[in-house]
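Protein chains in written order, with this note's numbering: chain A, 192 to 668; chain B, 807 to 897.
Please keep in mind that the hints were generated in silico from the structure rather than gathered at the bench. Watch out, some of these pointers could steer you wrong.
[Said to hold, decoys possible] Below, a list of computed lysine to aspartate or glutamate pairs in the DMTMM-like style, where the Cα atoms sit at most 20 Å apart:
{"id": "1", "chain 1": "A", "residue 1": "K645", "chain 2": "A", "residue 2": "E606"}
{"id": "2", "chain 1": "A", "residue 1": "K645", "chain 2": "B", "residue 2": "D853"}
{"id": "3", "chain 1": "A", "residue 1": "K409", "chain 2": "B", "residue 2": "D875"}
{"id": "4", "chain 1": "A", "residue 1": "K364", "chain 2": "A", "residue 2": "D195"}
{"id": "5", "chain 1": "A", "residue 1": "K409", "chain 2": "B", "residue 2": "D879"}
{"id": "6", "chain 1": "B", "residue 1": "K885", "chain 2": "A", "residue 2": "D331"}
{"id": "7", "chain 1": "A", "residue 1": "K346", "chain 2": "A", "residue 2": "D553"}
{"id": "8", "chain 1": "A", "residue 1": "K627", "chain 2": "B", "residue 2": "E896"}
{"id": "9", "chain 1": "B", "residue 1": "K825", "chain 2": "B", "residue 2": "E896"}
{"id": "10", "chain 1": "A", "residue 1": "K364", "chain 2": "A", "residue 2": "D553"}
{"id": "11", "chain 1": "A", "residue 1": "K409", "chain 2": "B", "residue 2": "E884"}
{"id": "12", "chain 1": "B", "residue 1": "K885", "chain 2": "B", "residue 2": "D875"}
{"id": "13", "chain 1": "A", "residue 1": "K409", "chain 2": "B", "residue 2": "D876"}
{"id": "14", "chain 1": "A", "residue 1": "K364", "chain 2": "A", "residue 2": "D413"}
{"id": "15", "chain 1": "A", "residue 1": "K627", "chain 2": "A", "residue 2": "E647"}
{"id": "16", "chain 1": "A", "residue 1": "K409", "chain 2": "B", "residue 2": "E845"}
{"id": "17", "chain 1": "B", "residue 1": "K825", "chain 2": "B", "residue 2": "D876"}
{"id": "18", "chain 1": "A", "residue 1": "K645", "chain 2": "B", "residue 2": "E835"}
{"id": "19", "chain 1": "A", "residue 1": "K645", "chain 2": "A", "residue 2": "D614"}
{"id": "20", "chain 1": "A", "residue 1": "K627", "chain 2": "B", "residue 2": "E850"}
{"id": "21", "chain 1": "A", "residue 1": "K474", "chain 2": "A", "residue 2": "E494"}
{"id": "22", "chain 1": "B", "residue 1": "K885", "chain 2": "B", "residue 2": "E842"}
{"id": "23", "chain 1": "A", "residue 1": "K627", "chain 2": "B", "residue 2": "E835"}
{"id": "24", "chain 1": "A", "residue 1": "K364", "chain 2": "A", "residue 2": "E533"}
{"id": "25", "chain 1": "A", "residue 1": "K645", "chain 2": "B", "residue 2": "E850"}
{"id": "26", "chain 1": "A", "residue 1": "K409", "chain 2": "B", "residue 2": "D873"}
{"id": "27", "chain 1": "A", "residue 1": "K346", "chain 2": "A", "residue 2": "E508"}
{"id": "28", "chain 1": "B", "residue 1": "K892", "chain 2": "B", "residue 2": "D879"}
{"id": "29", "chain 1": "A", "residue 1": "K346", "chain 2": "A", "residue 2": "D331"}
{"id": "30", "chain 1": "B", "residue 1": "K823", "chain 2": "B", "residue 2": "E835"}
{"id": "31", "chain 1": "A", "residue 1": "K346", "chain 2": "A", "residue 2": "E593"}
{"id": "32", "chain 1": "A", "residue 1": "K409", "chain 2": "B", "residue 2": "D853"}
{"id": "33", "chain 1": "A", "residue 1": "K645", "chain 2": "A", "residue 2": "D623"}
So the chains spell out like this:
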Amino acid sequence: MLFDLAQCGSSTAIYAAGGRCVSYSELAQEAGEFAKAAGGRGLALMLCRNSPGMIACYAGLISSGAVPIMLGEHAPQDAVAGMAKRYRPQLIACPSAPPGGDAAKSSPGLPFEGAEKILDLDGVALYRTGLADPPALHPDLALLLSTSGSTGSPKLVRISESNLEANARSIIKALGITQGDRAITALPMNYSYGLSVINTRLMAGAGLAVTDCSLMQKPFWDLFEHGGVTSFSGVPYSYAMLHRLGFERSEHQGLLMMDQAGGRLGEALQQEFSSYCGAHGIKFFVMYGQTEATARMACLPHELASSRIGCAGRAIEGGRFSIRGDGGAILGPMQEGALFYEGPNVAMGYAMDASDLARGDDWRGVLDTGDRAVLDDEGFLYLRGRSSRFVKLFGNRVGLDECAAMIERRFPGTEVACTGRDDLLLAYVAGDADPKEARAYLAAQTHIHQSAFKVERIASLPRSPSGKILYSRLPSP
Amino acid sequence: MPEAFRHESRKKSMTNKEKYINCFTQALEVPAEGVEKLEYQGVESWDSVGHMSLVAALEDAFGIQMDTDDIVDLSSFEKGIAIMKKYGVEI
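Next up, chain B with everything else stripped away, as it sits in the complex:
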């Protein structure tokens, strides 16, 4: 099976919640444990650079393009769930 395809099928089998958590753990390079409590600048890696990676990861994972207001509003894991809802993504 080609690598890209396998990746795609793995992605499909994940729930939105799993994908959402993955975005945080990968973009911010943090363990999944405690991810629900994450806030902007709450960990070293969630600075403006980490934020750019996080937004890119979310857009990529859910096939959306976030508005400016939503990008700067994404100040915590919790807040992001409400923002995703605006784009029709239920976490």
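Isolated chain A (complex conformation):
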């Protein structure tokens, strides 16, 4: 069993707004109700909001053998509908009330025609969908995460219970998470890194300060200051926000640990936070991970945070990196090539539709990360860029080809080629689409701020004789 919640008894599992405390035995009981309602093995679509009830629901579904597909509550409605149609989940869990409890606003993703509510507990409604022909699930399959939820891509990563357990154990060890730790949920739980914050704490019998507010909202900071928070996890953009808020100008009583993953932290911010943390007795960990490896693969020990700026750390326990050349040959230290990772946390593979859920372990513990990197002679990892086609926009992984396809679907008669770098996706459109409208559409569909997108019209896309888009011939940004 992944989580043995009842074992931790009266210690606090969850602390939330308004001083609400949920003990481990209370959480176990609540999770048990979700598990009972779920009624065993089956597929469950979860539209997640960081809340105590949603965490109980997640723990309950996992323990009952249900396999959650985790999406954010703000996932575009057609993406949710498409996902439901493609994978045919028997259950859907979602917040019972829309954000802010404002019933006048429509709740995203709801209603599902024909769905029957079977439980409404602690702000989470659980529905039985009644969809016919439930998919066959491989016995090892425990969880399905989206790599690029914001584009509504149906592609999911298939994760086993042993993946979850191995990765959580390695992270607990790398960060030194103990029962006394209490992490604040600064990242969405449907995101692999955000979920790993929750999995590690529940497994270690530690605590979670749970909020769905962003760093730019006062309730987040009320919880941060008064919720006994000892650790913070964030993507590079979270650290940019902390910096903007003048986080380093104040003392933060009780804060003992900060970690960063989800993309490369700029060197200036890494410098800034490693020295702030060093001076205030806070352990600062730079990490590297991917959903395909359940969550995390590397960790830079906090003692080295300020002396190894730009380094993503060493493989976590049980994992191993290698750098391979174009022909697949293993390269030596300081030679740049494709980064591969081997470890017990490498997921089973992707799913593109319901029939894939019956598949076994396709990747057999070896992951081609799609990143370019070098390893030094001590095994420290330095990332050099991406070899595959997606960008990180404010911490969200967004597929370039998926965005191009989205614009082409919305504006028939338009051809689109996307390129990008950190925090900018550049779409070149040839045809009828109005660049301004296309940009607004991308922002609305991905739920990512407009400033991350730039759309330019060009006369035609440069193509090779065989019709492939020649990205190198696009105007330089």
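Take the given structure of chain A and dock chain B to it, following the hints.
Frame of chain A, contents of chain B only:
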């Protein structure tokens, strides 16, 4: 007239209210119509990223530096007016 100077003179001729509204319409990329009713997360573009742009725009327009507490307190158009007052800016 140099571009920068023209921009400056245009800015000077605007009232504080106009400048304030401009910050919202530009940072959040929303029309001026209905701007008074805006709240954090009330529109797609006013998320944490939009909030960062909005704060930068306000600081720039009024030559102020906002404290952490005020940045996270700025949860609506209306609330912002009271916060600006603390920095001696009457909207």
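Tested hints:
{"no.": "1", "hint": "A:K645 with A:E606", "in the structure": "holds (15 Å)"}
{"no.": "2", "hint": "A:K645 with B:D853", "in the structure": "holds (18 Å)"}
{"no.": "3", "hint": "A:K409 with B:D875", "in the structure": "holds (8 Å)"}
{"no.": "4", "hint": "A:K364 with A:D195", "in the structure": "holds (18 Å)"}
{"no.": "5", "hint": "A:K409 with B:D879", "in the structure": "holds (6 Å)"}
{"no.": "6", "hint": "B:K885 with A:D331", "in the structure": "violated (52 Å)"}
{"no.": "7", "hint": "A:K346 with A:D553", "in the structure": "holds (15 Å)"}
{"no.": "8", "hint": "A:K627 with B:E896", "in the structure": "violated (34 Å)"}
{"no.": "9", "hint": "B:K825 with B:E896", "in the structure": "holds (11 Å)"}
{"no.": "10", "hint": "A:K364 with A:D553", "in the structure": "violated (28 Å)"}
{"no.": "11", "hint": "A:K409 with B:E884", "in the structure": "holds (16 Å)"}
{"no.": "12", "hint": "B:K885 with B:D875", "in the structure": "holds (13 Å)"}
{"no.": "13", "hint": "A:K409 with B:D876", "in the structure": "holds (9 Å)"}
{"no.": "14", "hint": "A:K364 with A:D413", "in the structure": "violated (29 Å)"}
{"no.": "15", "hint": "A:K627 with A:E647", "in the structure": "holds (9 Å)"}
{"no.": "16", "hint": "A:K409 with B:E845", "in the structure": "holds (14 Å)"}
{"no.": "17", "hint": "B:K825 with B:D876", "in the structure": "holds (19 Å)"}
{"no.": "18", "hint": "A:K645 with B:E835", "in the structure": "holds (14 Å)"}
{"no.": "19", "hint": "A:K645 with A:D614", "in the structure": "holds (11 Å)"}
{"no.": "20", "hint": "A:K627 with B:E850", "in the structure": "holds (16 Å)"}
{"no.": "21", "hint": "A:K474 with A:E494", "in the structure": "holds (8 Å)"}
{"no.": "22", "hint": "B:K885 with B:E842", "in the structure": "holds (10 Å)"}
{"no.": "23", "hint": "A:K627 with B:E835", "in the structure": "holds (11 Å)"}
{"no.": "24", "hint": "A:K364 with A:E533", "in the structure": "holds (18 Å)"}
{"no.": "25", "hint": "A:K645 with B:E850", "in the structure": "holds (17 Å)"}
{"no.": "26", "hint": "A:K409 with B:D873", "in the structure": "holds (13 Å)"}
{"no.": "27", "hint": "A:K346 with A:E508", "in the structure": "violated (28 Å)"}
{"no.": "28", "hint": "B:K892 with B:D879", "in the structure": "holds (12 Å)"}
{"no.": "29", "hint": "A:K346 with A:D331", "in the structure": "holds (19 Å)"}
{"no.": "30", "hint": "B:K823 with B:E835", "in the structure": "holds (17 Å)"}
{"no.": "31", "hint": "A:K346 with A:E593", "in the structure": "holds (11 Å)"}
{"no.": "32", "hint": "A:K409 with B:D853", "in the structure": "holds (14 Å)"}
{"no.": "33", "hint": "A:K645 with A:D623", "in the structure": "holds (17 Å)"}
In the structure shown, a violation is registered for the earlier hints numbered 6, 8, 10, 14 and 27, in ascending order.
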